[in-house]
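K.L.:
These are the residues of each chain, in order.
Protein chains: 2
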Amino acid sequence: MLTRSGRFVLSRCSSTVGTGHTTTAPTEDQIQMLLQLCVDRHYISPGQRNTQHFLRGFGCSYGPLGMELKRNLLDQWWHSVTRSRWQVFGINTLNCGEEGAAHGLRMVDSGLLQKVLEQPELSREQLVHEACRLLQKSPSVRKSLLQGALEQFVPSMELVKRKLPFGLAETGLCFQPSDGSGCSAEVTQTSLVWFCSPRTSSQWLDHWTRHRLKWWRKFALNPSGFSSSEVPQEELEESALRGVKIFYNFPWGPESLETLWSRGDTELLDAHRGAHSKLQCRDGRKSVPHVVSVSGNVDRGVKAFLSNSLQQLKRDDGKQKLQQRKALKLHPVLAPVKVALDIGRGATVELRQVCEGLLQEFLEAKISTWPGYLETLPTSVEQLIAKYDEMGVLFTVVISENTLESGLLQVRSRDTTIKETMHVSEIKNFLSRYISAADNL
Amino acid sequence: MLTRSGRFVLSRCSSTVGTGHTTTAPTEDQIQMLLQLCVDRHYISPGQRNTQHFLRGFGCSYGPLGMELKRNLLDQWWHSVTRSRWQVFGINTLNCGEEGAAHGLRMVDSGLLQKVLEQPELSREQLVHEACRLLQKSPSVRKSLLQGALEQFVPSMELVKRKLPFGLAETGLCFQPSDGSGCSAEVTQTSLVWFCSPRTSSQWLDHWTRHRLKWWRKFALNPSGFSSSEVPQEELEESALRGVKIFYNFPWGPESLETLWSRGDTELLDAHRGAHSKLQCRDGRKSVPHVVSVSGNVDRGVKAFLSNSLQQLKRDDGKQKLQQRKALKLHPVLAPVKVALDIGRGATVELRQVCEGLLQEFLEAKISTWPGYLETLPTSVEQLIAKYDEMGVLFTVVISENTLESGLLQVRSRDTTIKETMHVSEIKNFLSRYISAADNL
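Top line first, the protein sequences correspond to chains A and B. Just so we're aligned, residue 3 is where the first sequence starts under my numbering, counting upward by one. Just so we're aligned, residue 3 is where the second sequence starts under my numbering, counting upward by one.
Since the hints were derived computationally from the structure, they do not count as laboratory data. Ideal Cβ positions, reconstructed from N, Cα and C, are used throughout, including at glycine.
Label-pair ranges, simulated between beta-carbon atoms:
hint, chain 1, residue 1, chain 2, residue 2, range
1, A, GLU403, B, ALA439, 36 to 42 Å
2, B, HIS278, A, GLU403, 40 to 46 Å
3, A, PRO234, B, CYS134, 42 to 48 Å
4, B, GLN116, A, LEU57, 30 to 36 Å
5, A, THR268, B, SER82, 41 to 47 Å
6, B, GLU237, A, THR418, 58 to 64 Å
7, B, ALA439, A, PRO48, 42 to 48 Å
8, A, GLN178, B, THR268, 31 to 37 Å
9, A, ASP42, B, GLY99, 23 to 29 Å
10, A, THR418, B, LYS220, 40 to 46 Å
11, B, HIS278, A, ALA349, 36 to 42 Å
12, A, GLN138, B, SER382, 50 to 56 Å
With the hints as extra help, turn the sequences into a complete structure.
P.N.:
Below, the structure is given as structure tokens:
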């Protein structure tokens, strides 16, 4: 049996956020709306400073929903890259290195430095000397995951018996020095460093560009918001042969999510002090491989999918009354909460027991569940659904007196807005099937 | 049909590593053996410095197998903590804070500091002043995940409508200042910060101790190596009411893996500048909650499971010849590689095709697979199996001419050492069932 709730229609005018179309609503309002929703619905933690971090595409303090979204995104990246070819191996390298750029970020023991600076018996010269020595001894902090992968090249060659191509994948925290604003940034990066023969590096760059763009679009509500473009010759990084960037077109302009470089062999040779013979691989002739690097910013990726999936809806309930509502239509595999469990009218104690049984069942099946029935403030089902739409919850399950009598419950879908009646014994399998079908698309 | 390979028996004497029994073999040898195996089998990257990091229970550079083991361990921790009770929410906070201990680690832009130190026109006094100012402006780096969770207490209260108890879970990188050795350490930590009413905090400490100890033992080959013990009154951290540590008894002595503190409300009040009213929760009476913290070191956990699962076996092949072999009997859910695919004698091209088909099938079923058939050096099946046992691979599948004729292949189990014949169409489901059964134990 199917029943229909009041239908929501996508507004035709200016209110769709995230498609990149020109809009009449000022960009500032759209940013505010996105931020407000993210804070209210526990995607990011409140606070001016934190929302600024988020907006700039840096790591920020995430609430439970944002944390789960980021986690899902990282998992998807990992599986898509490491399972796409058997020659991709995961690694986990250190953040702090002994060596590093002379002028980069360093992890300094401030107590020790303070002590040096406060020694009255040191002359000016001695003081400078001691402080510099301490600074140089302090470990340098990584800006990207590239260096770690280049260093792991030699031990990893054994895994493939020196046969090209192969790749090293890693995700992890990286630090960017502060820009003028005094705001130094931490970013969770993804990195695939792909080692291939020099003559194929350009083809591999194209291969991975297609792979990555397809991946971003797979999870998008509006795939056209994601695009790739070749880095112009004059903007190439030193030693890079070619470069491609993947952009998301935010309402306030495009920002780069992932960057692919065909880097030649310079940095690989540098990382191994020019030891040509140690680096040679089998590949028809003996050659030092070229490096194609693919590195992404997960925090900005989270922002892109939040922006892309936010829909403003105008409710057309037939009574000439227009209501504005918002829904976060995140892809089913990314959505942090798959199902919310709530109770309608009826004997609260018994209804709660049914909910608790279902909650246990869902958790065991690894279905992320929101136990809405535990909220003690009485709310109408319509208000609940509006909240869950903003949270991006895929399904709302309502247990009512009817469930106690007939075993039937109501399931409402975020995407179709349709309410369906289902037997309590079927719901877990229905949800599991829905999620795994979305995963295998 | 079952056939039996030469049987391995657990040596009765001194050679079992990881049970914590007194042994005749010197500890140094056991450490060397563990290190050698971890490096040879791509658990950790080679290098004196890196193995030292590993031995001390710090983060180190992991190879593909170590990376996967660490990832599996983190996943298991996450699911066990966040799914054990619905009131546990995941968060993701920043590594760098604005404020911090005056004498902790800080992320200093060494270029800027160098510039200050090199300004000839500055007097000694000005130079000290400028350097201190720069130091204080530099973000401080976290030593643990506690502070982040305490700061998230207020926005998280809304999730539970101010109802106790609830908890915030997080995993992430933390940094320890260098000890005398000049070796500053990064460690991946797990953290559960549990907020509860003051009168129940001691019970909750006991609850979580049982929960955590059970978890460590669940994955152990020798569960008795893991133990918990109350921190003596005189060793309690400032402001802590009680403490419990979970230890693993390495062959070289016990090391602490996870620490639980009943911390009272002092630090929570400090994190919110004593704003009592903001922190009060519903719990019969209005009260500021007490904090129970549960924080673990994942890198040391990886080392504990590697040590715990390493078995030295003496082969009794009936010919009075004793051979020593090693096997890494990691728990099925932790083992980084579930199955290795190899070919026996026969037409190589056709056999490889079968392997490629199976590899694809396994990857789609999310079964981590080692494509041994791609190794070009000819090795005997016995040598292969010895290698896979050291890698901790659960099953070795061998495709031979017989497979092409009858569809039958051989599956050898790491744990039973039994070789079984199975039809090619059954193998994927067999593996999937085995792994998920182990997961649900």
